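Student: Same order as they appear, the protein sequences are chains A and B.
2 is the number of the first residue of the first sequence in the working numbering; add one for each residue after it.
982 is the number of the first residue of the second sequence in the working numbering; add one for each residue after it.
Note that these hints are calculated values from the structure, not bench results.
All values derive from a computational prediction rather than experimental measurement.
Hints may be right or wrong, so weigh each one.
Stated by the list, open to error - With a Cα cut of at most 27 Å, we get these calculated DSSO-like pairs of lysine-lysine: (1) Lys1191(B) <-> Lys1284(B); (2) Lys248(A) <-> Lys1001(B); (3) Lys44(A) <-> Lys33(A); (4) Lys128(A) <-> Lys1205(B); (5) Lys1001(B) <-> Lys158(A).
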Amino acid sequence: MNDPDKTCKKACKNGGKILINCDKKLIEEKSKKIRCDILSMVKNAQVGHIGGSFSVTDILAAMYFGILNIDPANPDWQDRDRLILSKGHGATALYSVLAERGFFPVEELMSFAKLGSKLQVHPDKRKVPGVEASTGALGQGLSIGIGMALAARLDAKEYHTFVILGDGEIQEGQVWEAAMFAAHYKLGNLTAILDYNNVQLMGYVSEIMEVAPIREKWISFGWNTIEINGHDHGQIINASEKAKKIKNKPTIIIAKTIKGKGVSFMENTCEWHGKVPCKEEYENAIKVLSD
Amino acid sequence: MTAMREAFGKALAELGEKNKDIVVLDADLASSTKTTYFAAQFPERFFQVGIAEQNMIGIAAGLASCGKIPFAASFAVFVTKRPADQVAISIAYPGLNVKIVGAYTGLFNGSTGASHMAVEDISIMRAIPGIIVIDPADAEEMTQAVSAIAEFNGPVYIRETRDEWPEIFNSAYKFKIGKAATVRDGTDAAIIASGVMTSESVKAADILKKEKISVRVVNMSTIKPIDKDMIISCAQETGAIVTAENHNIYGGLGSAVAETIVENFPVPMERIGIKDTLGEAGSNSELLEKYEMGSRFIAEAVKKVIRRKK
C-alpha cells in the first residue's frame, strides 16, 4: 500500500478541474463533519437512514475530496466524472458531501425531508445539483452507470463513472444483469464500489440472504476486484486510482465497512438502519464524533 | 400495405442517419421489433443487452442522462411489465429522454399466445407519471410518430403491431403528439379508436353506412396526454361514444375516454377491447371474432349505444 497522504495529493493534482486543497486531514475533517450533518438532518427531520449513511461516509468523502473530477459551479459539465449512489437510502451522506463540496449551501441541509425541499429522503436527480441519478428503488444504479460509461465511449470522453452499491442491494437480480453486461462490453471506464457492511434492514446480510463469496462472484462475472477497508481514505483513493487504470474490464472495489461507523452504540446493528435518535442519543453521538 | 414494425424499423434507421444522438437497445428481439435496420447501419450505436429488460431500461436512462436519445425496444409484454419499476424510477422520475418501444401488442400476434400478448401495457405505462403513451394506427402514422417522439424531449412509450393491416393515412396526414384525427365524419355516434382497431372501426363505419347510420371515426393514437377537446366534441356533437382498442378495456383507451366524458360531458358509451382476459394462439381474424373485437362487433356496439341515447 502506498502512503495515503502522497496518493491523496497526487490524486488531487491529477484530477479536478478546480483543484481543491485536498489532503488526508481535510478528508478526515470532512468525514467528521458529514457524520454530524447526517445526525442533525435525521434528528431535525425525524426520518432518514443513519446506519447506511455512516458506513458510506468515508467513501463519499474520499471520492468527492480526493478522486472525482467535478466542478460544483457547473454540475452539468459534460466531461465530469459521474458518481451514482445506487443505495439511495444513504442520501443524507451524499447531500452533506455535495454541500461541503460546494454544490449547494450547507444551510440547505436542514431542509432535508421537509415538504417542498429538494432534499428528498432518497436522491432526486431533478432537484439536487450534483446528484447523477434518482435512486432509492434498489438495484438500478449500476445499469444507469453503464449507460453513462457507454455514452463516454461513444463520445470519446475521458470521464469515469463510479457506482456505489449496498451489500443488501446486490440481492436484486438487475445488479447481476448489469454485472454481466459491463464485463461483456469491457467497460474499463466503470467502477462499482460495494459498501459491504453486512447489515440490512431486517438483520445481518449473511442471515437474511447470503451474498458471499462476493469477490469470487464478481471475478466469475468477469470483473477486476479490489478489497479494501472502506473507512481508510488512503485505501479508497488508491483503489479508485488503480481501478481507473484498468481499461479492459470494469472494477469493483469491495469496501469492508461498519454500518453506523463512528458512534459505537450505532455500529453493526440493523436497529440503526432507519432509527431516529432521541435527544440524549443525539447529544452523545455528536459528542463522540466531535472529539 | 406495410407492417407497422417494418415502418418503425426503417424510420428509425433513417432517423439514425440524421441524428447521431439516437442509440438503440435490444433485448434479443431485434429481428422481430425490426431494430435490425438500425443495427445494420449503425452497429456502434446499437447495444445488444441480452435477455435482460431491467438492465436495458437502466442503461437507456444512463445514456439519456448523457445526452443520447435511446430507443429501447422489445416485446410490449417484456418492456413494460418486467421493468415497470425501472421505467418509473430510472426514467420517468427524472424525466429522461428515453423512447420505450413495445412490439407485438394486444392479441394480434397469434403466432405467440398469452405469454407474449400485451393486454395491459398501456394501463401500466399510462399510470406512471410523466410518460407519453402512443398507439399508432398504421405504417404512415408510425413513420411520422418515430420522428415526432425523437424530437420531443421526454419519456415516451410507443406500441408497434406485428402484421400488415389496412392503411388509414397517407403522406398528407400530419401526426402530432396529443392530437387525435377524424378519419370518418358522422353524426349519430363516434367511434374513438387506437392502433389497428382504427381500421376495424372504419370497416364498422362502412357496415353502418349501409344501414343509414352515420358514424364518426376518430383515431386517438396518443393515449396520454389524451386529446380531451376531441373527446368532448365527439360527445357534444354525436351524443354517443364507442371506444375500440387492442388492449384490456380496463386502464387503456376506453378508460381514458370514459374518464374524460364523465368529467366533462357524460353521454352513453360502450367499449370494445380485450375483456379482462389473456389471449391465445390463433390467426388475427379468428382472434378478432372469438374476442368480439372485429368490425361487426364494433358496429353492434354503435347500434347499442345509439339505442341508449335519450
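Student: Does each hint fit the structure? Answer for all of them.
Tutor: To see whether the hints hold, each was checked on the structure:
Restraint check for Lys1191(B) and Lys1284(B): the C-alpha separation of about 13 Å stays at or below 27 Å, so the hint holds. Straight-line distance between C-alpha atoms of Lys248(A) and Lys1001(B) comes to about 25 Å, which keeps the hinted pair within the 27 Å bound. For the suggested pair Lys44(A) and Lys33(A), the alpha carbons sit about 17 Å apart, so the restraint of at most 27 Å is met. For the hint linking Lys128(A) to Lys1205(B), the alpha-carbon distance of about 25 Å falls within 27 Å, and the restraint holds.
With a CA separation close to 16 Å, the supplied pair Lys1001(B) and Lys158(A) stays within the 27 Å bound.
The structure agrees with every numbered hint stated previously.
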